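Asker: Here is what each chain is made of, one letter per residue.
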Amino acid sequence: MSFETDPDSQLMLRVKHGDMDAFESLVEKFKQPVMGLVYRTLRDADEAEDIAQAVFIQVYKSRDRYQPSARFSTWLFTIARNFCLNEIRRRVRHPADALDQPLNDSDDTVGTLIPDAAVRDAGDLSLSGELTQKVDEAVRDLPELQRTALLLCREGDVSYDEIAEVLGTSLSATKSLIHRARETLKARLKPYLESGTWSAGGAKKQ
Amino acid sequence: MSQMKNDPLQRLRETAWRRKLAPEEEAELLRLLGDDAPACAEWEAELALTASLSRLPAPGVATNFTTRVMEAVRAGQIAEARRPDGLGRWWSRFGWRPRLAVLGGATALVAVVVVQHRIHVQQEVVLGVRMLSPAAMVPSVEWLADFDAIDKLGQVAPTDEDLLAALK
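Read top to bottom, the protein sequences are chains A and B. Position one of the first sequence corresponds to residue 1 (my numbering), numbered consecutively onward. Position one of the second sequence corresponds to residue 1 (my numbering), numbered consecutively onward.
If you are wondering where the hints come from, they were derived from the structure by calculation, not from laboratory data. The structure displayed is predicted, hence computed values, not measured ones. Don't take each hint at face value.
What the hints assert, rightly or not - Derived DSSO-like pairs: lysine-lysine, alpha-carbon spacing no greater than 30 Å straight-line: (1) B:LYS20 <-> A:LYS31; (2) B:LYS20 <-> A:LYS186; (3) B:LYS20 <-> A:LYS134; (4) A:LYS61 <-> A:LYS29; (5) A:LYS16 <-> A:LYS61; (6) A:LYS190 <-> B:LYS152; (7) A:LYS61 <-> A:LYS134; (8) A:LYS29 <-> B:LYS20; (9) A:LYS29 <-> A:LYS134; (10) A:LYS134 <-> A:LYS31.
Start from the sequences and build out the full structure, keeping to the hints where you can.
Answerer: In structure tokens form, the structure reads like this:
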């Protein structure tokens, strides 16, 4: 799908012209994938939610600069990744700081004014089984580039070219990153593989 | 990786990383794998990993996530509307001390320019006077009032031959 026919790019162009409903549609559609990427990068659900909200606010702030030269999701994931990297850098510089401080001048309204009707219990994020937990941990321990490439690859809607654009790497380098990430995961999860814990069907079962 | 590029099995693997293979792709896969047990095991691991990754639970998103984003955006819009536009916004980013310093500097600069301009004008006047001073060497007009009479003083009258003859 080219950016010209990308419905999300069309929505973003409407946002550029002040259409708040279009922006709300984009937030609604992409909140889960953005949250997923941020959560698995930062490893903290509360921080992830704050960062994910900041990502969308940044999207709105940058609406005048948006050029539909690529699909909207590519632009969005690039912003999300940059936010994650900035947060990681901030943590390295100020390891004792909590994220309850606003990220910038306008973020003070995020997460403070409106009570959540269904506040997420920490238990909601607990993983269902040991294997899933092991996979989750293994994914989190991957180097950032490999992890981001793998997670974006998991989003079926994002092409390899788009992942390459988000990461700022070549197409072949992107595929190599995913390949290496998967090899690492397979090596780390080998005991589960050999014990038959994996429930996916084999090639011959397809 | 360059070897992988042209490898049909790698192409199918990359496809399977993102989506379920189509029936014709599965047929091609079975043909490529054949009875190669290690390759079959490898493929099984690939599929198992893909399945496990797809089963990773999505992190919960607060039910009011969108509402909060929209509220924050609207609050930002209001704050933006209150701010001065363009140059005023840029100017208001600075504190009062830098602004005062810049204003003081600008005033001093203007004062220096004005003073320099005045000095320049005075120098121009002096230069003009100097250019006119040679004209001051010319005699005054009053002196020239008796010019004709004085001029005639030096003239000798023609000799009166008749008078000279009579005197003799």
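Asker: Evaluate each hint against the coordinates.
Answerer: Going down the list of hints, with the structure as the test:
1. B:LYS20 <-> A:LYS31: OK: LYS20 (chain B) and LYS31 (chain A) at ~25 Å, within 30 Å.
2. B:LYS20 <-> A:LYS186: Roughly 19 Å between the alpha carbons, so the hint for LYS20 (chain B) and LYS186 (chain A) holds.
3. B:LYS20 <-> A:LYS134: holds, 24 Å
4. A:LYS61 <-> A:LYS29: holds, 18 Å
5. A:LYS16 <-> A:LYS61: Distance ~10 Å between LYS16 (chain A) and LYS61 (chain A) Cα, so the pair holds.
6. A:LYS190 <-> B:LYS152: Between LYS190 (chain A) and LYS152 (chain B) the Cα gap is close to 137 Å, so the pair fails against 30 Å, i.e. violated.
7. A:LYS61 <-> A:LYS134: violated, 38 Å
8. A:LYS29 <-> B:LYS20: holds, 23 Å
9. A:LYS29 <-> A:LYS134: Within the cut-off at roughly 29 Å; holds.
10. A:LYS134 <-> A:LYS31: holds, 25 Å
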